[in-house]
Structures are given as structure tokens and as C-alpha cells.
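Protein chains in written order, with numbering that gives the first Met the number 0: chain B, 0 to 293; chain F, 0 to 293; chain C, 0 to 293; chain Y, 0 to 293.
No false leads were mixed into what you were given.
Copies of one chain are not kept apart here, so a pair can be met inside one copy or by any two copies together.
Keeping only pairs whose Cα atoms sit at most 25 Å apart, straight-line, the calculated PhoX-like set for lysine-lysine is:
| id | residue 1 | residue 2 |
| --- | --- | --- |
| 1 | Lys261 | Lys281 |
| 2 | Lys281 | Lys22 |
| 3 | Lys64 | Lys22 |
| 4 | Lys141 | Lys5 |
| 5 | Lys5 | Lys212 |
| 6 | Lys188 | Lys163 |
| 7 | Lys261 | Lys5 |
| 8 | Lys22 | Lys83 |
| 9 | Lys169 | Lys157 |
| 10 | Lys5 | Lys276 |
| 11 | Lys95 | Lys169 |
| 12 | Lys169 | Lys276 |
| 13 | Lys152 | Lys169 |
| 14 | Lys276 | Lys261 |
| 15 | Lys152 | Lys188 |
| 16 | Lys212 | Lys157 |
| 17 | Lys64 | Lys281 |
Worth flagging that the hints you see were computed from the coordinates, not collected in a lab.
These numbers come from a predicted model, not from an experiment.
There are 4 protein chains.
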Amino acid sequence: MQSIRKNAVIRNTAILLIHCPDKQGILAAVTEFLNENHGNIIHLDQHVDHEEVIFYMRVEWELEKFTIPREKIADYFQTLIAQKFAIQFSLHFSDKRPRMAVFVSTMSHCLFDILARYTAGDWETDIPLIISNHETLRPVAKSFGVDFQLIEKNSANKAEQELKEIEILKQYNIDFVVLARYMQVLSDKFVANYPNRIINIHHSFLPAFAGAKPYHAAHERGVKIIGATSHYVTTDLDAGPIITQDVVRISHMDNVDSLIRKGRDLEKIVLSEAIYKHLQRKVLVYNNRTVVFN
Amino acid sequence: MQSIRKNAVIRNTAILLIHCPDKQGILAAVTEFLNENHGNIIHLDQHVDHEEVIFYMRVEWELEKFTIPREKIADYFQTLIAQKFAIQFSLHFSDKRPRMAVFVSTMSHCLFDILARYTAGDWETDIPLIISNHETLRPVAKSFGVDFQLIEKNSANKAEQELKEIEILKQYNIDFVVLARYMQVLSDKFVANYPNRIINIHHSFLPAFAGAKPYHAAHERGVKIIGATSHYVTTDLDAGPIITQDVVRISHMDNVDSLIRKGRDLEKIVLSEAIYKHLQRKVLVYNNRTVVFN
Amino acid sequence: MQSIRKNAVIRNTAILLIHCPDKQGILAAVTEFLNENHGNIIHLDQHVDHEEVIFYMRVEWELEKFTIPREKIADYFQTLIAQKFAIQFSLHFSDKRPRMAVFVSTMSHCLFDILARYTAGDWETDIPLIISNHETLRPVAKSFGVDFQLIEKNSANKAEQELKEIEILKQYNIDFVVLARYMQVLSDKFVANYPNRIINIHHSFLPAFAGAKPYHAAHERGVKIIGATSHYVTTDLDAGPIITQDVVRISHMDNVDSLIRKGRDLEKIVLSEAIYKHLQRKVLVYNNRTVVFN
Amino acid sequence: MQSIRKNAVIRNTAILLIHCPDKQGILAAVTEFLNENHGNIIHLDQHVDHEEVIFYMRVEWELEKFTIPREKIADYFQTLIAQKFAIQFSLHFSDKRPRMAVFVSTMSHCLFDILARYTAGDWETDIPLIISNHETLRPVAKSFGVDFQLIEKNSANKAEQELKEIEILKQYNIDFVVLARYMQVLSDKFVANYPNRIINIHHSFLPAFAGAKPYHAAHERGVKIIGATSHYVTTDLDAGPIITQDVVRISHMDNVDSLIRKGRDLEKIVLSEAIYKHLQRKVLVYNNRTVVFN
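Here chain B stands alone, though its shape is the one from the complex:
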């Protein structure tokens, strides 16, 4: 289907994600810096956490008339602004499309949802690679023109197979990984390679029902609402920073099968929304929580 794949429209903008201890004057200093150098701000969102006394900001501006060359922006910003306010920042350019790899097992609903959006040009990303521990979804990858690599894992070969995966991810220049109902726990070592760059979907409203079989547990407990949670993967299982969550109402008429059916819709929408926010560079992680800008 790559014949009909559309690319999202590329804007010529830069994005700064910032956090630092809150102090008077940060906002004025940053906007001054951009204005003076003819950077037209098209989005600015900032937030102050008054409990932790942290200032968060996302600002996006047009590069067209910006007088600082793009390769020098980070350096100038660091010297002129960041060090003054102890700012930690990351700088992104909209025309740099992040490269994403999808890990799957046998369930197709999240993968289809991702590939459909990719094909429709909804996302500013490239998806060159799907990795799986099963052959099942290879035809899907093929149809959508994405490479598919089978990496089978068992308890004996896990460490070795993960090394192979990391190798492949490097070959494909992958920026971030999406676990689209991938039924394997990644080792701490693997996770350490992609800090805040592995997005998982867990099929419950975390922290309720972490771990295996959350729909069974939800049915057993008799809850009236089920949910799904996308989060960055950390070494702590199902405990990483939450990006998005959604829920749906259920009743005594639901059994485990209908929870699984209803949950699939939540899972794919929640995961895709998290990917979208990540691609927009609208997610800032601090203290195992996320700031998700609008």
C-alpha cells in the first residue's frame, strides 16, 4: 500500500521543550530571544508546577526569517538563555521525521491502526520496521510495505535476541519504539537504550490491574469502567510515565470476552494518540510524570 502513502505536510519550524526551576523572567527571556532574532512564534504553551516549582514550556517558531542558523540554535540558546536559568532543553525540527519501529506479537488491531494512519499521512513519521516474536502479522507488514523481522524469544535466548533487536534498530536508524500489544517484557538493559522513547499500551486504567490479564482481573473485581493506558516504558513494569488514558463504561452484562472486544478500541485509540503527541514533541517527562501540551 506504499503506493498510496501520503506524507504529512512538513512545516519549516523549530520546537524547544524546556524545563527548569521556576524563576521570574524565564518566559520573557525566551520569547525575547526568539523575537529579537525574528523567530515568529506559532505555538507557545507553558506550565508552572507550583508544588515542585518547575517551569515547563513548549515553543514552536518559524525558521524562515530566523536569523540564527539552525545548526547554531542549540549553542546560542544554551549560552545566552539556558545557563542563566538552569534550563534543560531539547531542540527539534519539524522537517526531521522521527523513525519508528513497531513491536507486535499476534494481535493486529493496534498495528492496523498505526499503519492506517501512517498510510493516510496523518503522522510526521517514517515506519520502516516491524519486529515480532511470531510470524502471524508478516502479511500485514508486507501489504503496507514495511520490513518485518522475526525475532523469536524464549527464556533461554532472551538476552541474546534483544541484542539482535538493538542491532537491527540501529541499522534502521530507529528513533523510538512502539509496543503495539507486544506480549514480551523488555529487559532493563534494552529499556536503558531508549529512555522515554519506548511507548507501550497497557490494557487497563493504570495503576489498576498492572501486570498480566487485566481484563480478567477487572471482570473478577466487578468494576463498572475499564480503560487503557499508554506510557513510556521504564525498568519498573507498567509504572512508567503515563501519556494518555481512556476508559469505557461496562456493566454486569459484560463477560471477559466482551471486555476484550471493547478494550481493543480503547487500546488502539489511546496508543495512537500517545504516538501522535510524541511525534508532535508535545510530551515532556519529569519525575516519572508527563506534561502533555495541547
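Assemble chains F, C and Y onto chain B, guided by the hints.
Chains F, C and Y in isolation, oriented as in the chain B frame:
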């Protein structure tokens, strides 16, 4: 405000709540029994749990032309139908208004919501009594014309004070108890007196954040959704059968104070909905879960 | 992708959808009829509209030990039960998979969602045919192994092209049609061929913003919630019986583009839910409204 | 109940609400102005509507160390900043509690909700006055210690009675009016006295079901979701700028009575949320739409 208190319209109906092992013919037998004796069915809702193989039913019929006298219905139903199918049932009459006591501490939002509905005649109940461990809300009780009893508790006198409470509840002929943000844990002994007749509101989407300070815990965990849960109280803290739940979306812009503010609206609506369902005899408890009929 | 297409598990059951003027004894008569003939009821849902005094029912039972042969059930039910109560009914068999055609224009999100579910075996249906007024989505059809027919329409040739479409639908033995963001209005004549068998998705919470460009209208009006509505198509534009609706919260930060982006997720989920309910024979139309059983 | 009424904690802050044609440098200019004069910004929220090319902003800062006296802030801001950017602004002080009047007819649910929050000290407002065209709710006003004025209206005396109302509102120094299910349409003349200062609750998700009896209309149309909308009153009936909306799912099992019952909960929560946002000076009206800051 009792001068303007309205009573809900009283219907002359009987309600059967039934559960039993599922077998062919139960539904036909029950509806036949009512039809033969000229009981016009106005609501019938039934549900089969195919995993547990349990049949649940709520049926409400008009008594006007029903040929069995109301005081003999339970006996006839037991003899003619229930024993044949191993049915466990409870029989209710719409014109018998259950009597409710409200336990509060210092927060007023749930209490106001309950008393406002009571005054407007939204519920088929009487609320003769409010019990509290603080004086704070006595003026509210007075305004709405409800008796208020102060029963102060500390770790030393708890057992003794609970005996006093049970005594008072009996004096007032209380059928069921509502804990409207009552910040005390009731003893197992107290709970045993009102099986499935104490309704609590917990300020989280259980099973997440059971126990104390759920809004603080939710903020700390960085969830994107908060909730409230009403449930029958059992001897297991925050683990009783869930009646209703609701949630609201939050973001990084919320702090603990705003979670508490938003949560109040959830709490009062969820608790009042649970009370309404209980009063309608639409809640059936089985196996620590509820069937909540429509 | 048809190589990996799964079929939903087929149950050997019959389903009756019933409506009639409400009278005492209908429920007992129908369940008696099934019980006597050894039809084990696995789902029963009934509803009485007390304003219109109409009785609605969906009952599903196992055919395995049912003593009336499947080809005689309709006749027996008509003679023994239906005529007595002026019942109108439709009889369905779970092992008969309805055949569905999808009409599309150029937007792919609903089509992908439908084909993904079809491939995963989530639905008891066959989808042999996609019809479009544009070539755009032919590669999608091909990838999923579904025939694709281009029927271009303009104001001059519309009547003629619709005849061609009806012809093709007959060739493919199509039972019902899904308009998956098909940007053409069907003529009354076309619609008359498929009463309550054409499902449309409209991108607003009807009756608000019927007609063209609802997201623009929603933005213009400044609403804080947008929605999507799936309904059966009637000769009255966007006014047919509503099957499912859903909404999402928006804010002043949204522009028309972001409404369109958020709306896509609603549209595909709402449309697919309507298709699912239709396939389960859980939708009963009466008086331009639907009863959608659980 | 005024004996237990709490006052919300008063902060010593100023709030600017701003809108103007979007241009480079506005944000920097405003924040510079505050910083230079030692105004510690505690909340800043801004939004650019790129279609209309309008810049919106709400900024709140501490007055404690602010070097411009509060009575001169408007003048200085106008001269130094506003005229340069063609800014239209309103300036508010947190310690000035707006005075609110509530108009009611006979339904109590919104009024109780408002008075409960007022009593609990949830809102920074004073409510000295309730006006009604019926005696019904006088005892409620009395209980909560709020003056109650009966102004009966009919088609003959409406103009005259409205003059009386305006007179009373002036006597009580009322800043804004809340129509809490007040079943009378206000004249254009009345509305002109309180531009963007009359908040109404309409019991539908506008623009669907504007006008009378929306629940009946919703039931008739067979929608699967009902809603409530709070908006500023303009001379165009039910067409003013929307502040908040919310919805709840319904089904074929609902009749008009149950819609009314479920709708009451929506109405009171939606109306109270709109009042809260208004009191926080978080609502900015432009072009018949609202910007509602977080």
C-alpha cells in the same frame, strides 16, 4: 426546608429480585406465575452469567389486580416456584419507603446533594437521621429538618461508640446507611449488622488508589483520569461490591487541590446514583460483584 | 491479506427479533414456545415502551436440540404465537453470515477500520465488495483481497450509475451497505431497495450540524463537544434512525483541522460499533428510532 | 445556613484578560511589563487563533511586590502596552468578590447546587439575592440566608417587571446573573444591561434542540446521547457564546422522565462549572465564541 419537601409518587407494585443456578424454564415459570395470577408486569430485566451459570432477574408488577394477597406472595412464590429452581429471592413493595441514615464528617458536598434530592422528592426514601463525628454539619441537618446526632470517636472509644450508633439506628428503624465522605472505618462488627446495606463513596476509580489520600496518590502517579466509586461496605476495606463508578479527565495542569475540586462533583453524583439504584431495588449482589439493572 | 483472514466462530443458534403491541403474556408465551421445543435460551433481552405501549424482544437460542426444524421455525412461530399477539418478527440464523458492501470516496480511516476488523475475524460477515466514485482506495481493497468497483457519479449520470450499483450489489448477493464517509447522497429510489440496511456515518452529533461541513459549523458555533452519529439511511437526509453516537471534548485551542483529526477517531469507532450491532441482529427499528439490545 | 458559610481563601493578585490582533512581540511585551515592575506571574495562559489571527491571554500575578499601585495599573498598561498592540483588556483583582444573583422558577436542583458550593466556600463570590417568578423556592433561600424577591411575570406585565428586576439588581450591586432553570425569556433590553454577564443553562447539547422541551425532542428523535449547555445570554435565544457542555449516554430504555432525571445532574454540574470559570475570570468572549482558560 421540610415544609417544601415533596414525596416521590408511590406506585402500588411488587418487586422480586432473584438469583439461582441457570436452568431451562425459569423465566417462563416466573412470568407464568405472575400472569396466571393477574400480575401485570411493568418491568422485567434478566441476565444470565454464562461463566458462573447463574440466572439473575428483577421483575416488577402491579398489585392492583394481583390475586395473591401481598402478605402471602413470598410464601406462594417460595412453594410454587423458588424451591423448584433453587431460587434465592427478595421481595419488595414500592409503597414501603426504605429509611436511610447518612454518616458524615465535615465535608458537605455529598450531604447537600443527598438532601437536595430528598427535598425535591426525587427519591422514594425517608431520611430521618444524620450521624456525625463532628458538629460541623449540624446546621445543615437542622435546615433540612433531619435529626442530627453527634457521636465522636477516637481509637479508645470506637467499639463503644459504634454500639451507640447501632442502638440509634434501631431506634430510628433505619434500613440502610450511607457514608457520605465519613472519614471513619467501621468495624467488622458494625458492618455485619448491615450486609449490603451500607453504601460508601470512595474518591478513586477502585481498585486504583484504595485507602487514604487517593487524590494525592493519583497526582503522584501522574494519571490522566481520576474517578470515584460507590460500593457496598464489606469487612474488606474499599473492596466491597462496586455499584457505580465515574471518571473525569485531568491533565498536567491539575494539582492536588484541583483534583479534590473536580473529584467532589464525581463523588456526589456517583454516590447519589448508587443510592437511587439501591432505592429502586435494582442492585443484586452476588460473589462480591453487583448486577445493576437498568 | 486474505491469507491471514480469520472467521469469527460460528454458533448454531437462531435469533428472533420481535415487536408488537404490549399485552400480558407475550414473554411467557414466547419462552414457553422455546422451552417446550427444547430450545435452550442463551440470550434474552426485552423492553417495553410504556408510552407507545410496544413490546420489543430479542431472543437467541441453541438449535442443537431444538425439535422444530430450522426451515419450519418461522411458520410454526407465526401460527402458534405471532398471530395471537399481532407480533411482527424477523428470524435469523447465526451461521448465515450477512454479506456487506462498503461505499467509499477518498478518505481511508473508516475503510481501514472495517477491513482490519474483518481480517481479524471480529465480525460474522463477509465483505466481498467495495464501491467507490474515486480510484484512490483501490490499492487498499486489493491488499485486503476485496473486489473494488469504480462507479463515477456526476449530477448528469447519477440515476444511471445507481442502477449499475444496484445491479452489482445483486450480483454479489449483498445483504447490507455501509457508507464509510461516502461523499454522495443516495437517491430515494436507491434507499428504497435497502430499508434499514444502509448504515451511514455522519460526522456530528445529530441532529446538530446535519448536512455538509459539520466540523466547520461546529467550530463556527463554538461548541465544546463534537460527535459522530451512525444511522440507517432513509429518504430524509441525516434523519434516519440513530444506531450509535459518541462525542469528544474540544476547546478553544482546536481549529477546524484538529476537529477533523479528532473526529476521524470518533467516526470509525462509531461506525464500526453500529456495524457490529447490526451484524449481531441487535438493532430493531420502530418509528424512526432504534432499540439496540445489549 | 449562613452561620457555617465559609469564604474562599482570598489571594492578593491581579488578572489581565487580553485580546488583540496577533503580532510578534505581544507576549514578550506583556511579561516584560510585569517582570520589570516585580509582578510575580503565577498563571499565564495564552492562545493564538491562527485563522482569525487573534491573540488571547490571561495572566495572573501577585500584587505584593508589584511596584505600580493597583489603581494605576489599568492606566499604565493602557499607555505603555495596550495602545501599541491595539490590545483590548479587562483588569480584575482577586480580592474583589463578584456579586451574583440567581433567577429561578420552581425547579430546585441547580439552585441547591449553587448554594451548597457557596456555603462550602468553593467559590469566590457573594450571593445576596435570588429572584423568582414563583414562591416555591423561598424556603430554600431563607435556609441559606439569601434574600428572595418574588417578581411574577405574565405577557402583559413583562416589560414593567423587568424594570423592577433591573432596579433590584442595582440595589444589590449585582455584577452578574445566573439563570438556574429560570423558565422565562429575558427581553433584549434586559440582556443589554448585562453583556456577557448573564449565564444560562440550557438542557440540551446546543445547537441541537434549542428552544422548549429539549428532552421531549431528544426522545422523539431517538438520540443515544443527551447533554446540557451553559452559555452567556445574548438577544438570540439559546445562541449565545457557549462556556461549558457535557453529555451522558442514554438508550432505548430511557423515556422522557428518565431523560429529565439524568439531565438534572448534567444541568447542575455544567452550570456550576460555567459559574466557576466566570468567577475565575477564565472566560473571554470573542465573536460569539469563548476562550475558556484552564
